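Asks: Here is how the chains run, residue by residue.
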Amino acid sequence: MRLVAEKLGGERGGELLFHGLDFMVSAGEALLVTGRNGSGKSTLLRIIAGLLAQAEGTLRLEGEPAAFEGLAAAAHYLGHLNAMKQVLSVHENLHFWQSFNGRGKYSIAEALERVGLGEIGHLPFGYLSTGQKRRASIARLLTSERPVWLLDEPTAGLDKASETQFAALMQEHLARGGLIVAATHLPLGLAGSKELALGAPL
Amino acid sequence: MGALFLRDVRLGLRAGGGALVGILFFLAVIAVVPFGVGPDLKLLARIGAAMLWVGALLATLLGLDRLFQADRDDGSLDLLIMASERHMLPLTILVKCLAHWSVSVLPLVIASPLLGLFMNMEPAAIGATALTLLVGTPAITLIGAVGAAVAVSLPRGGLLVSVIILPLAIPVLIFGVSASYGAVEDPAPFLAPFLILGAITLFFAVLGPVAAAIALRSSAD
Numbered sequence: 001m002r003l004v005a006e007k008l009g010g011e012r013g014g015e016l017l018f019h020g021l022d023f024m025v026s027a028g029e030a031l032l033v034t035g036r037n038g039s040g041k042s043t044l045l046r047i048i049a050g051l052l053a054q055a056e057g058t059l060r061l062e063g064e065p066a067a068f069e070g071l072a073a074a075a076h077y078l079g080h081l082n083a084m085k086q087v088l089s090v091h092e093n094l095h096f097w098q099s100f101n102g103r104g105k106y107s108i109a110e111a112l113e114r115v116g117l118g119e120i121g122h123l124p125f126g127y128l129s130t131g132q133k134r135r136a137s138i139a140r141l142l143t144s145e146r147p148v149w150l151l152d153e154p155t156a157g158l159d160k161a162s163e164t165q166f167a168a169l170m171q172e173h174l175a176r177g178g179l180i181v182a183a184t185h186l187p188l189g190l191a192g193s194k195e196l197a198l199g200a201p202l
Numbered sequence: 001m002g003a004l005f006l007r008d009v010r011l012g013l014r015a016g017g018g019a020l021v022g023i024l025f026f027l028a029v030i031a032v033v034p035f036g037v038g039p040d041l042k043l044l045a046r047i048g049a050a051m052l053w054v055g056a057l058l059a060t061l062l063g064l065d066r067l068f069q070a071d072r073d074d075g076s077l078d079l080l081i082m083a084s085e086r087h088m089l090p091l092t093i094l095v096k097c098l099a100h101w102s103v104s105v106l107p108l109v110i111a112s113p114l115l116g117l118f119m120n121m122e123p124a125a126i127g128a129t130a131l132t133l134l135v136g137t138p139a140i141t142l143i144g145a146v147g148a149a150v151a152v153s154l155p156r157g158g159l160l161v162s163v164i165i166l167p168l169a170i171p172v173l174i175f176g177v178s179a180s181y182g183a184v185e186d187p188a189p190f191l192a193p194f195l196i197l198g199a200i201t202l203f204f205a206v207l208g209p210v211a212a213a214i215a216l217r218s219s220a221d
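Chains A and B, in that order, are what the protein sequence lines are. For what it's worth, full-length UniProt numbering labels the leading residue of the first sequence as 1, then goes sequentially. For what it's worth, full-length UniProt numbering labels the leading residue of the second sequence as 1, then goes sequentially.
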């Protein structure tokens, strides 16, 4: 399985942010997308997720597992927003996404344990701190199986210990043949990842 | 899909869901009509069905703008759109509409017989109005889904949604009221407008979610 982009260009509000982008990410590899603010990192991730149309070029997932048809179906997207309801409990939120997106390798209790939220699954999501909210939405990546993880500033709000924990989760995902595309300013603690720098002058 | 229905019903019923607002609004509208019109019982009975329908229409419009906006604000909408390989987006929208209708509009239908008593309506007229509301109000929600999807990216789209969909909801009102009158006034037919009302609901059950899906996809940014 590999994700291939050829001469990819993206625009936001009619303005071309990047163009002529070529990259390839194979199973077991991570691609870190870096660049200054406004260079189009989030736009690139949203294009890969199929939420925005690309301005030019092609993007395809080759040799995806049979259970997933198309790039959007094979991808988890962790954006700036956590996609959780404030008034529902953490467990209810995860239970909904698991039933909607399909069961993964981890049960909800195990996923919460992995992100260190085992004790507070019964609390309403709105009561959690910023870092705990982020960890709860990282647990969403574990409860359903997707080979491609698209992560937009995944460690925003996380403390040092949680960052290490999350790095271990990403390593595990890569080791099982998944692939990761992450937009970030901070090193994610992934050894041997590729880097794609956006925002070079057009 | 069952999970989505349950989630939206839960969200509607919990604090801040706004399911109660519609029914209070409906109650307020119907309760003030007798004061405005005066104590003419015959007149109240005559306009009763129309007043119930207008009240229910406006109360239904009240909460529609949040149909997709709440999901957009917390990022869930992106994930619902991304899952469209697995769950067709129009089907997802139809389930969301059904959940919204069950929580916000079904209580109006259930309360309408009581409010019909305020309007001095005969039992047959009350029954007919409740029945037409039951069959007709889903159409308003389904039309509203299109408006809500078009206005989803506007921060204050609430009034705009009502204005966009009101013209499309007028036929529902016309046939709903004429079927309600048909049940009690002799020469007027009941069955014909009632069947047309049912047809409108079925028609929008197909068209509404498909149109809303197209609008949601193109509004993603």
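Do not rely on the hints blindly, as some may be mistaken.
Output of the computed footprint for chain A on chain B, the stretches with three or more beta carbons under 8 Å from beta carbons of chain A [stated by the list, open to error]:
(1) 23–29
(2) 71–77
(3) 84–90
To be clear, the hints were calculated from the coordinates, so they are not data collected in a lab. Keep in mind it's a predicted model, so treat the numbers as computed, not measured. All C-beta atoms, glycine included, are put in the ideal place defined by N, C-alpha and C.
Asks: Look at each hint and say if it fits the structure.
Replies: Evaluation of the provided hints:
A stretch counts as covered by a chain when three or more of its residues have a beta carbon under 8 Å from one of that chain; for the stretch 23–29 of chain B and chain A the count is 0, and the coverage is violated. Under a criterion of three residues with beta carbons nearer than 8 Å to beta carbons of chain A, the stated coverage of the stretch 71–77 of chain B is upheld, 4 such residues being counted. Note: the stretch 84–90 of chain B has 4 residues with beta-carbon separation from chain A under 8 Å; the three-residue rule is met and the coverage holds.
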